[in-house]
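Colleague: Below, each chain spelled out in residue letters.
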Amino acid sequence: MTAQTDLLARKLEHLRRMRTYLTYSHDHVTQMTPINWSQLTPEQHQTLAAFRVRFSDFQEQLGKTMRAVVIEEEQAAEPFTAVLLYMEKLAIIDSKDRWKEMRELRNAINPEYEEDSARLAEFFDELARATPQLFVWQENLEHFCSETYSIGRYRESPPR
Amino acid sequence: MRLTLEQIDIITANVHHYFGHGAKVWLFGSRLKDNRRGGDVDLYVETMPQALMQELRCKITLSDALDIPVDLIVRPPDNADPIARLAKNEGLRL
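Quick mapping for you: the protein sequence lines, in order, are chains A and B. Going left to right, the first sequence walks through residues 1 to 160 as my numbering numbers them. Going left to right, the second sequence walks through residues 1 to 94 as my numbering numbers them.
There could be a bad hint or two in this list.
[To be verified] Derived pair list, reagent style DSS-like, types lysine-lysine, alpha-carbon separation capped at 30 Å:
hint	chain 1	residue 1	chain 2	residue 2
1	A	LYS64	A	LYS96
2	A	LYS89	A	LYS64
3	B	LYS24	B	LYS88
4	B	LYS24	A	LYS100
5	A	LYS100	A	LYS64
6	B	LYS88	A	LYS100
What the hints contain is simulated information worked out from the structure, not anything from laboratory work.
Modelling step: build the complete structure from the supplied sequences, incorporating the hints.
Modeller: Here is the structure:
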């Protein structure tokens, strides 16, 4: 294993750990839908806040790991759109536009300041809807790394 | 104002595409100041309430088409937020 693939393996492992945290938050949030903002308890507000942060962190880490793959493949890693286009080509993500939508979404609203409760509910509904797609992309990346570098979750018995 | 006619066309065409031809758009912020350099494109759009994802798609399309970060604020016509007054009073209708 090279230093770069060792780094990649660590990033994949980190992603798996972050996924368990995001899954936990996502499960709790989906049980709260449809969100009635005025009826939320302080604990539920905290659940939503944690979910938002974990969604952002997970997408950020997924992006860093994708960039590491692009570097390993000796492809252009700047600007980040080049990374997304290469991921599209490898069929790891469906579309760079959907990735950008998710990135914009997570920054679109600050729940601490937003006063429009319908908007807040819409925001968290969209985040909850996007989460399974991030998980699929993470799995696709795992499969690629397993088959290409023999690292990651599926390294001993690749599923495809 | 530091936008070309082509850039203004891109902005208005996309705003109308995503929000309909009744949507009105103002440029405000640093791009109005000729003595500045660079900076985001701050846009205020007045239209009927829109889905969050529709607003985000418009913002992404504009940022990609202009190759400049775009800050897009979308509000209904009766909005009285300070940002609405600022954008409409001090901004430039495109």
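Colleague: Does each hint hold? Answer for all of them.
Modeller: So, going through the hints one by one against the coordinates:
1. LYS64/A - LYS96/A: holds (15 Å)
2. LYS89/A - LYS64/A: holds (17 Å)
3. LYS24/B - LYS88/B: Since the Cα atoms of LYS24/B and LYS88/B sit roughly 10 Å apart, the hinted pair holds (cutoff 30 Å).
4. LYS24/B - LYS100/A: holds (25 Å)
5. LYS100/A - LYS64/A: Answer holds: LYS100/A to LYS64/A is near 15 Å, not above 30 Å.
6. LYS88/B - LYS100/A: Holds. LYS88/B to LYS100/A sits at ~29 Å (cutoff 30 Å).
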